[in-house]
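A.B. asks: Take the sequences, apply the hints, and build the full model.
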Amino acid sequence: MRARVVAVVWWLAVAAALLLGPLALRDRLPDPMATHWGTSGAVPDGSNSVTAHMITTVILWTGLWLLFLLLGRARDRRAARVTSYAGMAASGVLLLGADASTLAVNLDAPAWRATLLPGWHVPAVIAAAAVAGSLAGYLGRGAPDERSPRDAAPPALRLRKGQRAVWVSRVVSPWLAAVSALGLAGVVVTGALTVVGVASGGLVPRLLPGFAIVLVAGLASMALTVRAGDDTITIGFGPLGWPARRIPLSKVESAWCERLSPGEVGGWGFRGLPGRATIMLRGGECLVLRYRSGGRLAISIDDAERGASLINALIAERVPS
1 MRARVVAVVW
11 WLAVAAALLL
21 GPLALRDRLP
31 DPMATHWGTS
41 GAVPDGSNSV
51 TAHMITTVIL
61 WTGLWLLFLL
71 LGRARDRRAA
81 RVTSYAGMAA
91 SGVLLLGADA
101 STLAVNLDAP
111 AWRATLLPGW
121 HVPAVIAAAA
131 VAGSLAGYLG
141 RGAPDERSPR
151 DAAPPALRLR
161 KGQRAVWVSR
171 VVSPWLAAVS
181 ALGLAGVVVT
191 GALTVVGVAS
201 GGLVPRLLPG
211 FAIVLVAGLA
221 SMALTVRAGD
231 DTITIGFGPL
241 GWPARRIPLS
251 KVESAWCERL
261 SPGEVGGWGF
271 RGLPGRATIM
281 LRGGECLVLR
291 YRSGGRLAIS
301 IDDAERGASL
311 INALIAERVP
321 S
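If you number the sequence shown the way this note's numbering does, the last residue is 321 and the count never jumps.
Errors might be hidden in some of the hints.
As the list claims (entries may be wrong) - Pair by pair, the computed Cβ-Cβ distance ranges are:
| no. | residue 1 | residue 2 | range |
| --- | --- | --- | --- |
| 1 | A128 | A165 | 44 to 52 Å |
| 2 | Y138 | D31 | 36 to 44 Å |
| 3 | L23 | L116 | 21 to 29 Å |
| 4 | R164 | L20 | 53 to 61 Å |
| 5 | T232 | V131 | 39 to 47 Å |
| 6 | F270 | G119 | 42 to 50 Å |
| 7 | A24 | V166 | 52 to 60 Å |
| 8 | E253 | R4 | 23 to 31 Å |
Hints listed in this document are in silico derivations from the structure and should not be mistaken for laboratory results. Glycine residues also receive a C-beta, built at the ideal position from the N, C-alpha and C atoms.
C.D. replies: In structure tokens:
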């Protein structure tokens, strides 16, 4: 089934659930109904009509869905697919869980002020959204590519004198993409609820800074871009490739492709040992640079074999022996 068809079906399913749930239970819901509770959850401090609640949730869902649909059309197809799948799944489950919680506590209540929000509802909904986003992001990666064997020597690449060549590759961590999607969904939902006045006080506005921190941290570490060309190897972090670390070719002795797992280097993220550093966003193919000083840097990146070939060719042509 094509990705766009899956996306449309998912939008329809979530939108239908957000509309049909309140409609099916309307006779058992107070109108207006409670839509926000304070930090203790004991007394609700915000309400909205059943109709306004349905419209608000569907509009929020449509906006998030369109956002992740557009992100899925980026040039890096694999990274875009992971981000789109994870974001749509996480935001959809987040809104479904929040809606189900709201309906459950309002069910058969004599008035909206008589409702009580159990303390486990919020963490349960957030956890479900995180799991859904992570699973969808992982499935969005597709089947793993067949790569060269461990410690494979890259094929020889020759450059004509003065010829300019550039290699660019990018990788996205599906787990960190899911975290970013959850943070974005949280920022949009809590921000929108605060702006429209549905949650003008209490817990929801206080969650906004936390979601913003999660979003920024996730975006800063979810993607990695490596560019080799001219006299520099540039490692860019985040979806925009910034901040960036630049390594002059004159400091590199050689490059090769190697398959590494997080367990071999001490886990995910930025791992460092004396003379042996690793940037690990996902297990598998890595570009390994050996410095003339004796140290080495491994970077988890796609198409590492071709990048190593070009780096070695550039060193042979432009770096004095």
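A.B. asks: The structure should be examined with respect to each hint, and the outcome stated for every one.
C.D. replies: Hint check results:
| no. | hint | result |
| --- | --- | --- |
| 1 | A128 x A165: 44 to 52 Å | holds (47 Å) |
| 2 | Y138 x D31: 36 to 44 Å | holds (42 Å) |
| 3 | L23 x L116: 21 to 29 Å | holds (24 Å) |
| 4 | R164 x L20: 53 to 61 Å | holds (59 Å) |
| 5 | T232 x V131: 39 to 47 Å | holds (41 Å) |
| 6 | F270 x G119: 42 to 50 Å | violated (36 Å) |
| 7 | A24 x V166: 52 to 60 Å | holds (58 Å) |
| 8 | E253 x R4: 23 to 31 Å | violated (47 Å) |
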